[in-house]
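Enquirer: Could you build all of it, start to finish, from the sequences and the hints given here?
So the chains spell out like this:
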Amino acid sequence: MKLPENKKERTQIIVLLVIVAALAGYGLFLGVSRALMAPRRERRARIAVLERQIREARPVVNHARGDEQRNREILEQIREYSKRHLLEPQLGGNLLLGATEQVQTWFQSAGLPMPTIAEHGGRSGRSAIEPARGGDPVRDLVWSYSVRLAFKAGLHDIANVLRAIETSDPFVTVTALTVSADRRPTTDALPQHDVSFVVQWPIWRDDDFRKELESITP
Amino acid sequence: MNLRIDLILESEQRSASVLSLKLMRRLALIAVPVLLGLIVVFSVLGTMRMGMRATDLETQWRILEPQRDAALERSRQVARHRAILHALESWPETKLTLHEQLAVIMAIVPETIQITQFNYVQTISHAGRDRARETNFLISGRARGSDATESRTIIERLEDLFRTTEPFATLVKSVTMSGRADTSEDALETDRRFDIECEYHPRPFKP
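If you're matching them up, the sequences are chains E and Y in order. The first sequence lines up with residues 7 to 224 when you count with this note's numbering. The second sequence lines up with residues 30 to 236 when you count with this note's numbering.
Calculated directly from the structure, the hints in this document are not laboratory data. Treat the hints with care, since some could be wrong.
[As the list claims (entries may be wrong)] What follows is a list of derived Cβ distance ranges for each label pair: (1) 218/Y to 96/E: 57 to 65 Å; (2) 208/Y to 78/E: 58 to 66 Å; (3) 207/Y to 221/E: 37 to 45 Å; (4) 44/E to 96/Y: 41 to 49 Å; (5) 214/E to 161/Y: 23 to 31 Å; (6) 221/E to 138/Y: 51 to 59 Å.
[Stated by the list, open to error] Okay, the calculated bits of chain Y under chain E, using three or more residues with CB under 8 Å as the criterion: (7) 91-104; (8) 200-206; (9) 217-223.
The C-beta atom is built at its ideal place from N, Cα and C for all residues, glycine as well.
Expert: This is the structure in C-alpha cells:
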C-alpha cells in the first residue's frame with residue numbers, strides 16, 4: 007500500500023496511523039502492566055505490613071529486656087509479705103487452725119480466757135476483696151479470711167486485747183467490733199460487756215500462687 | 030494538452046516524503062517489541078527485588094514475633110505482680126488502729142454518759158477501679174444531766190468532741206447525731222438517748 011501523493015491526505019493517514027498505533031500500544035501496555043503490577047502491588051502491601059510490625063515490635067522487645075529482673079524482684083518482695091503476714095493454711099487447707107493459734111496468743115497476753123471463735127462471711131470465712139471487676143489480678147489472688155470472736159469483758163480488757171491484736175501484725179485487721187453494755191444492776195464488780203469482733207487476715211485465694219512464689223530462687 | 034510519461038516502474042517508485050509507510054512499518058515492528066520487552070524486563074526485575082525484600086522481612090518477623098509475644102507476656106506478668114504488691118503494701122497503710130481510737134473514746138466520754146452500744150465496721154470496697162478501706166462507727170448511749178436541757182448539751186458536746194478531737198478530727202468525714210427522750214424502764218425523766226454516727230474518709234489502696 008502506498009501513501010497518497012497528496013500531502014494533505016498523506017498527513018491525515020499518517021496521523022491516523024499514529025493514533026491507531028498509540029491506542030493499540032497503550033492497550034497492550036495496560037494489559038501487560040496489569041499482569042505484571044498485580045504481584046508487585048501485593049508484595050508492596052505485604053512489605054508495608056511487615057515493616058510496620060517489625061517497627062512496632064522492636065521497642066516492645068527492647069523494653070522488656072529488664073522485665074525478667076523486675077518481675078523477680080517484685081515476686082521476692084511478695085514472697086516476704088506472704089511468709090510473714092499472710093495466713094497459711096494448715097493440714098490440707100485449714101485456715102482456722104492458724105487463726106485460732108494467733109487468737110489464743112492475743113487473749114493470753116491480755117489475760118483473758120479464750121473466746122468463742124467461728125469463721126465469718128464468704129465460704130468458710132474466705133472472701134474475695136469485694137466488689138471488683140473481672141480480670142483484676144488483685145481480686146483474683148488476694149482474698150481475706152475472717153473469724154468472729156465473742157466474749158465478755160470490761161472496757162479496759164477490750165482495749166488491751168485489741169492492742170495485742172493490732173500490734174502483733176500490721177496486716178491483721180479488726181473489721182468489725184460490737185460492744186453491748188452490761189445491763190446487770192450496778193454492783194462492785196466491773197461491768198462485763200458483750201463483745202463481738204471480726205478479725206481479718208489477707209490470704210492467697212489458692213495454693214498455686216504460693217507455690218509459684220516458693221519456686222523463685224533468689 | 031499536458032502529457033505525463035512515467036518511465037519508472039511503479040515498484041521502483043519512491044515517495045519524496047521522509048515518512049513513508051515502509052518506515053513506519055519497520056519502526057512499529059522493531060521499536061514496539063523492544064519497548065515492550067524493556068518494560069517487561071524492568072517490571073520483572075522490580076518484582077523480583079520486592080520478592081527478595083519481602084522474604085528478608087518475613088525471616089526477620091519469624092524471629093521477632095515470638096520474642097515480641099514473650100515480651101508482652103512478661104510485661105503483663107510484671108504489671109499483674111506489681112498490682113498484687115501494691116495491694117499488699119496498702120493493706121497495713123490503709124488500716125486504722127482501733128485500740129488507739131477506743132482509748133480516745135474512753136477518754137472523751139464523760140461520766141454523765143453511758144455507752145450502751147458501740148458498732149465499728151471497716152470494709153474494703155471499690156469506687157470505679159480504685160480500691161479503698163471504708164470505715165464507720167456508731168455509738169449509742171444515754172446522757173444523764175440534771176435536766177433534759179443539760180442532757181441534750183452533754184450529747185452535743187460529745188458530738189463536738191468527735192469533730193474536733195484527734196484522731197477523729199483528721200480521720201472522720203462526717204459526724205451525725207440523733208437524740209430522743211429515754212423511754213426505757215430504768216430511765217430518769219432527764220435522761221436522753223442518742224446515736225452518734227461517724228463516717229471516715231475512705232483510705233485508698235495504691236493503684
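Enquirer: Against each hint, give a clear statement of whether it holds in the structure.
Expert: Comparing the hints with the structure gives:
| no. | hint | verdict |
| --- | --- | --- |
| 1 | 218/Y to 96/E: 57 to 65 Å | holds, 58 Å |
| 2 | 208/Y to 78/E: 58 to 66 Å | holds, 60 Å |
| 3 | 207/Y to 221/E: 37 to 45 Å | violated, 57 Å |
| 4 | 44/E to 96/Y: 41 to 49 Å | violated, 33 Å |
| 5 | 214/E to 161/Y: 23 to 31 Å | holds, 28 Å |
| 6 | 221/E to 138/Y: 51 to 59 Å | holds, 53 Å |
| 7 | 91-104 | holds (count 9) |
| 8 | 200-206 | violated (count 0) |
| 9 | 217-223 | violated (count 0) |
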